[in-house]
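K.L.:
Start from the sequences and build out the full structure, keeping to the hints where you can.
So the sequence lines, in the order shown, correspond to chains Y and L. According to this note's numbering, the first sequence is numbered sequentially starting from 165. According to this note's numbering, the second sequence is numbered sequentially starting from 362.
It should be emphasised that the hints constitute simulated quantities derived from the structure, not laboratory data. Ideal placement from N, C-alpha and C gives every residue a C-beta, glycine not left out. Mixed in with the good hints there might be a few duds.
Here's a subset of chain Y near chain L, in silico, CB distances under 10 Å, partners left out [to be verified]:
(1) Q197
(2) Y199
(3) E205
(4) G255
(5) V256
(6) G266
(7) T267
(8) G268
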Amino acid sequence: TQLLEQSPQFLSIQEGENLTVYCNSSSVFSSLQWYRQEPGEGPVLLVTVVTGGEVKKLKRLTFQFGDARKDSSLHITAAQTGDTGLYLCAGVTSGTYKYIFGTGTRLKVLA
Amino acid sequence: ETGVTQTPRHLVMGMTNKKSLKCEQHLGHNAMYWYKQSAKKPLELMFVYSLEERVENNSVPSRFSPECPNSSHLFLHLHTLQPEDSALYLCASSPRGTSAYTTSYNEQFFGPGTRLTVL
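P.N.:
Here's what the structure looks like:
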């Protein structure tokens with residue numbers, strides 16, 4: 165069974181701090197997405213990474229796809245309370261074409 | 362209306378009731394999905410419809426019955442549910458389908474979900 169493990173599972177930080185969330189698998193992914201889900205809502209797509217080693221920036225968020233396309237990271241600079249939510253990675257495994265979601269990282273940014 | 366909408370947003374039902382969840386996408390997408398989100402578990406894919414055909418059913422109990430009358434609408438019919446079925450049910454759509462013959466990446470657009478409580 166393919167699995168996307170995210171770490172940490174929970175993270176509580178002060179506003180202004182930096183943080184990194186990781187998404188790891190033993191499988192190769194043809195692409196990977198990051199989503200943010202706020203309480204009472206569905207996940208919202210943040211970014212897609214496709215190429216090994218790719219780095220994408222979305223304002224204070226930096227996304228990186230591992231060279232081997234088995235892992236990804238999300239770095240948030242100077243976190244704000246509005247960054248609070250559940251962060252999910254998801255992707256399609258090469259060969260199986262199955263779309264699976266990661267275990268999630270629940271982030272709370274305190275004012 | 363834009364994006365993906367779901368109704369109702371909240372539903373409380375007894376174990377003997379029959380109810381239906383509705384999802385509508387206004388994005389012109391070809392694929393639609395039902396997911397179950399429980400506390401402390403990853404999002405679980407339940408059903409996938411691509412161009413109105415069911416292409417995936419991930420061992421979901423028969424008390425959940427999906428229906429996709431056209432590419433914009435998706436229903437989940439519920440009957441004789443159990444308390445452990447209480448969860449957030451999310452509908453999503455994507456531009457492409459998910460068969461082995463489609464391109465590799467598959468960004469999904471989610472509705473706000475239906476919070477289901479089974480008493």
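K.L.:
Now look at each hint and say whether the structure bears it out.
P.N.:
Now for the hints, and whether the structure bears them out:
no., hint, in the structure
1, Q197, "holds (6 Å)"
2, Y199, "holds (8 Å)"
3, E205, "holds (5 Å)"
4, G255, "holds (8 Å)"
5, V256, "holds (6 Å)"
6, G266, "holds (7 Å)"
7, T267, "holds (5 Å)"
8, G268, "holds (7 Å)"
Of the numbered hints stated above, none is contradicted by the structure.
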